[in-house]
Amino acid sequence: MKLLTASVLALASASAAFAQDLPQASSQWFTDGQATLQAQLDRQPITGRAKNVILFIADGNGVASNYMNRLWAGQQEGGMGDDYVQPQEAFPNLALVKTYNINAQTPDSAPTAGAMNTGVKQRFNLINLGEEAIHDDCSTVAGNELTLFSEMMTDAGKSVGAITTARLTHATPAAVYAKTANRNWEDEVPADCSAQTDIASQLINALESGVVDIALGGGARYFVPKGTATPNGGEGHRPDGVNLVETAQSNGIQYVSDKAGLDATTNDKPILGMWTDSHASYEADRPETEPSLADMTRKAIEYLGENENGFYLEIEAGRVDHANHDTNAKRAMIDGKAFADAVALADELTEDADTLIIVTADHEHAIAMNGYCGRGTPIDGLCYDVAQTGIMHSDDLVFGSDDKPYTVVGYLNGVGSVMVEQPDGTFAAPEGRPEITQEEAQDIDYVQQSLIPKSSESHSGVDVALYAKGPWAHLFDGTIEQNVIFHVMDYAVTAE
Amino acid sequence: MLTRRNLVLAALAVPVASRVWAERAAPMKPRDLYARGGAFTDKARALDGQKVRFEGFMAPPLKADAAFFVLTQRPMAVCPFCESEAEWPDDILAVYIRRRLDVSPFNVRIEASGRLELGRYTDPETGFLSMVRLVDATYG
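Residue numbers (full-length UniProt numbering), protein chains in the order written: chain L, 1 to 496; chain V, 1 to 140.
Hints were generated in silico from the structure; no laboratory data involved. Hints are supplied without guarantee of correctness; some may be wrong.
[Unchecked claim] Subject to a maximum C-alpha distance of 25 Å in a straight line, what follows is the list of computed BS3-like cross-link-like pairs (lysine-lysine):
1. K454/L x K29/V
2. K63/V x K226/L
3. K259/L x K269/L
4. K63/V x K454/L
5. K43/V x K63/V
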């Protein structure tokens, strides 16, 4: 060990001495590179036991989507975007994560979140059941239920939270507390299914039993009977006539349906908050009465932080995924910025010494970036050419071989396909690819052009990034399987 | 030189020009009807009962011979991993048409003109509840 340390020091000093002789040594790029090198040399792993674990998941926010979000956030601050550093990108530890499911090269959000919450990969479209369980087959539930990280943390005396901008019964938050043969059994199971209850009922059970202490998001309709008004003014959806909101309230759970209500909650009883009947709003459309992801993050950390034994909190930005499915890149990047704001807040509210923060995604989308664009090209708009002098892009748009401009962000498939259904049922583009103006491309409702026509753009199996800081975050390294995330979380909270 | 005759002609021309301008102005979008949180905008309330023109996309019809279709702000993506069942976005406009429905692909932009009508209405054939409609509409 001593020899290794001496070698590292020698390498560092040799590097510095060598650098001074280089003609580029006075460049800002060079000195920044040297500073980064020194920061890496100074880095010390944190090896104490983690009191708290926060698992951030931006649904559908793979490496390409994250890149898009970075440029958007940077350009919103007046910069060019590509040199911007999102809060999670300043974390010291990084891994790439392989996201496939047991039986799916292209994953869905149910088994991916399940892998993070149980330590094992799972089968497509089910949540927290072992590898013998079959999707949509209730008879395979019994005996295949897995133990959840939330249950283990509850047994260890910690508190647990799940917050999301999707429905609370949707795949990613459900993976914190539910075990189901079908991710869509949100408020109903098949008539002959007695081995499990619906996902909403499982959440109420988890709140009543203490496995979950705070749950915030959307989706009230799955807790209210059909024909009954929800607290949000819509109509319930439950076919069994059970009002789970009333059940929760009668069992001492604080129920809230807007930001004012959330702000008025106390920290002595469990909290269930649902701002909408289905998914919460996209950040671009969110009314002030609805808490942002950062608002929910603050409340959850303040609430869970009351437990001196610590907590486990999963935080999902669920609608990055939905906007990508719509090939509506602008809403995806705006939600990506809201996600980053929540990450920054969580980092600010916790201590590196006792809180392991993990920031990742469950899967990527069929999204890609076009080139060659000059620096400063608006990430939500058309691709501008590289300038021969200076740094900023030129005023010339980049054209395809069809002499038409194109956006930076594109998707391989989706509703914005350039091929449109013809009267005879075939798909074609008789007039070629549509022309796009910068004004159209930057509209909040613009859907990007794509190749393959599909009613909804698809996920992809491409790796996602994982950023981490805090106790044992350095165990995240290299290219890992998604279920390894659980194992590092478990090691961090039990390490001697 | 301003004469009484010119003045009268100019006065007559204003409403005509105004009407022509209205017809040629950029069409509205379904989102123009809704404020954040889902309430109607002032603009929507002001145009209640007026002839207006919208652009958007024709959602796949609920029924082959339906008397109406739904105009959406963006192409109506149906995402099996977002929704467990068909779900309408918040910013839609029901368009009740004069003639038989000729279905347009869901991702091709169209325009529809008609009289704006605000208020709850349940379609007797499909049970579809709309809060705002274009009635006596044409599209293309």
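*Numbers of the earlier hints that this structure fails to satisfy, in rising order*: 5
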